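Kindly produce the complete structure, drawing on both the sequences and the hints.
Take the sequence shown: its letters are residues 2 to 122, numbered as in our numbering.
Simulated from the structure, these hints should not be mistaken for lab results.
Remember, it's a predicted structure, so these values are computed and weren't measured experimentally.
Backbone N, C-alpha and C fix where the C-beta goes; we use that ideal spot for every residue, glycine too.
There's no promise every hint is true.
[Said to hold, decoys possible] Derived Cβ-Cβ restraints for the label pairs, each shown as a range:
1) Tyr111 <-> Glu81: 10 to 20 Å
2) Gly63 <-> Leu103: 26 to 36 Å
3) Val28 <-> Thr104: 16 to 26 Å
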Amino acid sequence: MVPTRTILIGSLLLLAGCASLTPPAQVAPDPAVAERVSQLSDGGACSAAIAGTLTARHITAGQIASIREGTPGGRHEHYEQNQAWVTLTGRGGHIVVQYTPLTCWIDTVYASDGATLPTAG
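Here it is in structure tokens:
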């Protein structure tokens, strides 16, 4: 059996590591980006948060070709992660914005399928 002290120390180290994580950059969304994301996501509840993340990455409304939303594994629970797969005009791959639908908390933004992720800032 593992001593309780070992479990406690391991848990504290794990929590300390998580405390240093920061969410992806997000700013107030550009109104044109917010409108485009809302339009392509059928007015999704988290479209403003997604638009703020894309705005922080200097992605303009004219660059957004399509958005496909879904949950990994196809389940649709309000507490599970959801993903917005953003296709940019004239570029291959996707920018993936992973978020929690209940709170619209953006967890991760990454490039997939050969896309490049513009820098934030």
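Checked hints:
no.: 1; hint: Tyr111 <-> Glu81: 10 to 20 Å; result: holds, 18 Å
no.: 2; hint: Gly63 <-> Leu103: 26 to 36 Å; result: holds, 31 Å
no.: 3; hint: Val28 <-> Thr104: 16 to 26 Å; result: holds, 18 Å
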